[in-house]
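Peer 1: Letter by letter, the chains look like this.
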Amino acid sequence: MELSVANLAVARGGVTVLEGVSFALPPGRALVLRGANGIGKTTLLRTVAGLQPAVAGKISVGGEAIAYAAHADGLKATLTVTENLAFWGAVYGTAAVEDALTRMNLSDLRDRQAANLSAGQKRRLGLARLLVTGRPIWVLDEPTVSLDAASVALFADVVRGHLAAGGAALIATHIDLGLAEAEELELGPFRARPASENGGAFDAAFGGDFA
Amino acid sequence: MELSVANLAVARGGVTVLEGVSFALPPGRALVLRGANGIGKTTLLRTVAGLQPAVAGKISVGGEAIAYAAHADGLKATLTVTENLAFWGAVYGTAAVEDALTRMNLSDLRDRQAANLSAGQKRRLGLARLLVTGRPIWVLDEPTVSLDAASVALFADVVRGHLAAGGAALIATHIDLGLAEAEELELGPFRARPASENGGAFDAAFGGDFA
Amino acid sequence: MSLWEYANPQKFMQLSRRALPWVTVAATLCLIGGLTWGFFGTPDDYKQGSTVKIIYLHVPAAMMAINAWVMMLVASLVWLIRRHHVSALAAKAAAPVGLTFTLIALATGALWGQPMWGTWWAWDPRLTSFLILTLFYLGYIALWQAVDDPDTAADLTGVLCIVGSVFALLSRYAVNFWNQGLHQGASLSLDKKENVADVFWFPLLVCIAGFVLLFLTLVLLRTRTEIRARRLSALLARERMG
Amino acid sequence: MIALLLRDMRLAMRAGGGFGLGLAFFLLVAVLVPLGVGPESATLAKIAPGILWVGALLACLLSLDRIFALDFEDGSLDLLVTAPIPLEGVVAVKALAHWTVTGLPLTLVAPVLGVLLNLPEAGYFWLVVSLGLGTPALSVIGAFGAALTVGLKRGGLLLSLLVLPLYVPTLIFGAEVVKRGADGMATATPLALLAGITAGAAALLPFASAAAIRINLR
Amino acid sequence: MIALLLRDMRLAMRAGGGFGLGLAFFLLVAVLVPLGVGPESATLAKIAPGILWVGALLACLLSLDRIFALDFEDGSLDLLVTAPIPLEGVVAVKALAHWTVTGLPLTLVAPVLGVLLNLPEAGYFWLVVSLGLGTPALSVIGAFGAALTVGLKRGGLLLSLLVLPLYVPTLIFGAEVVKRGADGMATATPLALLAGITAGAAALLPFASAAAIRINLR
Ligand code: HEM
Ligand SMILES: Nc1ncnc2c1ncn2[C@@H]1O[C@H](COP(=O)(O)OP(=O)(O)OP(=O)(O)O)[C@@H](O)[C@H]1O
Ligand SMILES: Nc1ncnc2c1ncn2[C@@H]1O[C@H](COP(=O)(O)OP(=O)(O)OP(=O)(O)O)[C@@H](O)[C@H]1O
Ligand SMILES: [Mg+2]
Ligand SMILES: [Mg+2]
Chain E
0 MELSVANLAV ARGGVTVLEG VSFALPPGRA LVLRGANGIG KTTLLRTVAG
50 LQPAVAGKIS VGGEAIAYAA HADGLKATLT VTENLAFWGA VYGTAAVEDA
100 LTRMNLSDLR DRQAANLSAG QKRRLGLARL LVTGRPIWVL DEPTVSLDAA
150 SVALFADVVR GHLAAGGAAL IATHIDLGLA EAEELELGPF RARPASENGG
200 AFDAAFGGDF A
Chain Z
0 MELSVANLAV ARGGVTVLEG VSFALPPGRA LVLRGANGIG KTTLLRTVAG
50 LQPAVAGKIS VGGEAIAYAA HADGLKATLT VTENLAFWGA VYGTAAVEDA
100 LTRMNLSDLR DRQAANLSAG QKRRLGLARL LVTGRPIWVL DEPTVSLDAA
150 SVALFADVVR GHLAAGGAAL IATHIDLGLA EAEELELGPF RARPASENGG
200 AFDAAFGGDF A
Chain G
0 MSLWEYANPQ KFMQLSRRAL PWVTVAATLC LIGGLTWGFF GTPDDYKQGS
50 TVKIIYLHVP AAMMAINAWV MMLVASLVWL IRRHHVSALA AKAAAPVGLT
100 FTLIALATGA LWGQPMWGTW WAWDPRLTSF LILTLFYLGY IALWQAVDDP
150 DTAADLTGVL CIVGSVFALL SRYAVNFWNQ GLHQGASLSL DKKENVADVF
200 WFPLLVCIAG FVLLFLTLVL LRTRTEIRAR RLSALLARER MG
Chain B
0 MIALLLRDMR LAMRAGGGFG LGLAFFLLVA VLVPLGVGPE SATLAKIAPG
50 ILWVGALLAC LLSLDRIFAL DFEDGSLDLL VTAPIPLEGV VAVKALAHWT
100 VTGLPLTLVA PVLGVLLNLP EAGYFWLVVS LGLGTPALSV IGAFGAALTV
150 GLKRGGLLLS LLVLPLYVPT LIFGAEVVKR GADGMATATP LALLAGITAG
200 AAALLPFASA AAIRINLR
Chain U
0 MIALLLRDMR LAMRAGGGFG LGLAFFLLVA VLVPLGVGPE SATLAKIAPG
50 ILWVGALLAC LLSLDRIFAL DFEDGSLDLL VTAPIPLEGV VAVKALAHWT
100 VTGLPLTLVA PVLGVLLNLP EAGYFWLVVS LGLGTPALSV IGAFGAALTV
150 GLKRGGLLLS LLVLPLYVPT LIFGAEVVKR GADGMATATP LALLAGITAG
200 AAALLPFASA AAIRINLR
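Residue numbers (numbering that gives the first Met the number 0), protein chains in the order written: chain E, 0 to 210; chain Z, 0 to 210; chain G, 0 to 241; chain B, 0 to 217; chain U, 0 to 217.
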């Protein structure tokens, strides 16, 4: 399943932040989105994941193929590491919990409540959730925040494994993941022109010359 | 005012995680704490900031000299950028709000509600708070999470300015800040031995041979 | 050697192991003796009939319900000031015992109130503050349960205990401040002329002694259990740390 | 879906959020009302059905915002929306979980509180029946309100405002059942209406709620 | 400190958290009780003082956990503890802010709700006076409960449990004032007691609250 995005425009808070974004992400490949703070990476990723509608353009696959992970990683502080993961395993109907724990180096912490993890340990748990979704396309928003170098490398390995198994990954990040197989896409050129210039849905509806 | 820490032991959840930590941080210097995820950086910084008691050891300055900043940066989503900052300015009795906005490149966003900031913009606002505290010793837990390269450089400049003005900074981070004047302290060697070896408060009270 | 040494768990365990059998026996003797004497060895009151005999349960239980809180207050203060673990655990151990006494006093008081005042319950100052004390016991126990870290729990419950003491003292002395209450005044105080008749008075004293000793027994027992539980969890944590 | 039900119930138990709070609140109402109104048994007996139903309703209302808000804040809701289970099902299950941890325990302890409020003897059976039949509607309607307001500023206030009118019929018929039951009158009509409300709400509202969540997540 | 007061009030207004919710809840009680109990005016008049006071108390209780919980979650509380203002002052100001956005508006709208509940005419004055004198105690006591439970699991439930006993005297004397006032009897004694509770609580509890927060932040 190839994720391809054509001429996409995305908006946050009613303001179009990116427009004309196009790329294709075939299985086995990763695409790293780059761009300054506030350019619209999070907005773009949420749109691709189907969490918000696109202003314009087309996305080739529906949300059913996509596993999305962001800062808020849906962990419940009062559940243990295993319970948190097992829940998502049950939701996605996979039984890969043990494997995910091992691969994200969480086995020692399995019975710890999520509230009692360090920032980086929490993040590893959030990422482990990706492994239990069993979905082919990962859409990741700054996945390595708070991770130390060893954990970043561990995570890069996990992504590599996912790509090798025919998956794909779309990643927004400010740091270097050390993923040689990833292409990069700089979002700067797609910054939306101010609304007065770009017309579009707004102008069609309210922008005409009436008073 | 020199922050010096002697033979400090810190605990989280009743378990001692670091012990025997000693360092001195004279005015004008920065110290970067390094260590794997979960080694106890956050715990150490909270102890130094006076938010939790030390298990053993001495800290030379009280919390009154310290400005602490962590992941949760005390922003209120429904207040605007200026309102958020002005509040802390009033609490610390300083009037440096405008200056802080400019230096953290937030002037354009001044009337935006904090809820409508991107991850990196929020972080910049959290860091701007440091500037309005007017306190000499900054204790920072992963300050540059979510920041792009330009913002990291901006922040490093701010820290440099703070040091040049006679301040000091204690920073836990996994990335390179590009602060030439900072020394580094690797926390690995201070990892606490298991409780069975290190005796301490527990053994004195409950560890004896009774039944 | 100072008194504080018994705040060392090990010392406390040794001492309490030796003391426990004696206290237990004394408590049993006093309770059986006092209650039998009270129930079967005293005449019916000319006014109250045989309901007067509730006094042998009600008064000691009510007294100990308040005294238990005072003991918890002292133990909490010792913990907050000198940070002796046994002291905190003793306060924790005393709470359910005190709650039980409180419930006994409430139940017997209500049973007694029906014939005496014609109602189970009235919003008399002593009764109200006593009810509040009951709720405080519940809150205190719940707070111990809710906090994971034992030292934090001891600190927080210590603060709560101090605040709750207001109501412990009120339920004892409220009658002295407000005289419009229904409830009996201090008819037992030792220097009073208007003491209850001696026939009721002596068995009551024995019952009170029995309740004090029972309280002591239960608290010692429960403190020992708490210490063991604490040690166990600490050892388990140590094991996990490897 | 079962996993979701179990998780929500477990969270409620551990955090005391819904479970304890609703129940505690119900208890509180039953204890405080005699304190405030005075212990006169005839008055209490008269107002007991109404007060008990109002108490149950408020207890439900209180924990409504937790149905989705916590999951919204920590990102779980985003993940659930993209998960391979229909959102309508998620809503229904969450309403069910809410009922299991509030409505059900409320129903079970209600007789005890009836004693505190001096409910006439004939009323106990009808109290339990009416609560058992009516509280599911409260949870389903509440889930709809929570879905409409998830992530909104001023959510809590809005939620009460939106849900209140929808709660009124349940309250009226529910209290009516108990009142009639306590007075030994026929209860069939209000009971049937109560059952109708619950069935209708449970059948239709999850669809509306799912749509509301999709819109709010944008 | 004034900045803190203003911020807390502004937050309450914007988020509708304390402000709207407490008030809405109070209204709800006053609207729902006649619906549940039935519109008989003699019964309503009798229970009005008690119900209004219970409603006010519950409305306060409801918003208590927000006093510190939100600041705890977003890290503001850490920062306030290390800020150059005494924590006792912070607690007192937060209780004051809570009162300004719940207790005060409650007091002001209470007469309107008195109409809904058919409160006897002589009672209105005493209703406002007793609420005005008693609700500050509810906020201060509530802040203590909130401080004890901030950051705890099962916090909400515990909070109600801990605060309830401390609320009972206020409720009893407050309702008593209104009842006596409505019946044209002397109100001096319960009123004095109410004032005493408020003064005592405001003078002492902030210290206990500050200690509890310091412990809980560890
Ligand atoms: C539910 C109702 C009642 C409650 C909650 C209650 C509670 C108490 C309390 C708290 C005490 C004080 C113990 C102390 O200061 O150490 C007490 C003592 C006493 N009660 Fe009650 N009581 C109730 C009903 C009654 C009734 C109906 C009677 C008899 C008419 C009664 C007779 C006494 C007596 C004689 C004392 C000892 C007085 C003293 O030395 O202070 N109580 N009760
Ligand atoms: N309500 C709003 N009105 C106008 N602009 C908004 C609103 N909400 C958010 N924005 C802006 O939308 C832009 C896109 O935000 P987004 O979170 O997608 O950025 P990002 O690329 O993920 O940034 P970061 O690297 O900091 O996470 C930001 O510049 C933000 O300030
Ligand atoms: N209740 C608890 N019992 C035992 N260990 C705990 C408990 N709570 C936290 N810990 C452990 O304490 C250690 C210190 O955590 P801390 O947050 O200080 O780490 P850190 O160095 O800041 O890590 P990171 O870089 O991931 O933020 C972690 O290993 C964590 O798992
Ligand atoms: Mg972003
Ligand atoms: Mg950390």
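Calculated directly from the structure, the hints in this document are not laboratory data.
Check the hints yourself; a few may be wrong.
[Stated by the list, open to error] Listed next, the stretches of chain Z that the computed footprint assigns to chain E, with coverage defined by at least 3 CB atoms under 8 Å from CB atoms of chain E:
#, region
1, 107 to 120
2, 124 to 133
3, 143 to 150
Ideal Cβ positions, reconstructed from N, Cα and C, are used throughout, including at glycine.
Peer 1: A separate judgement is required for each hint: does it hold in the structure or not?
Peer 2: The hints, checked one at a time:
1. Check result for the region 107 to 120 of chain Z against chain E: holds, 6 residues qualifying (beta carbon to beta carbon below 8 Å, three or more required).
2. Given a C-beta distance limit of less than 8 Å, the hint that chain E covers the region 124 to 133 of chain Z is violated, as 0 residues qualify and 3 are needed.
3. Coverage of the region 143 to 150 of chain Z by chain E holds in this model, with 7 residues showing a Cβ closer than 8 Å to a Cβ of that chain against a need of three.
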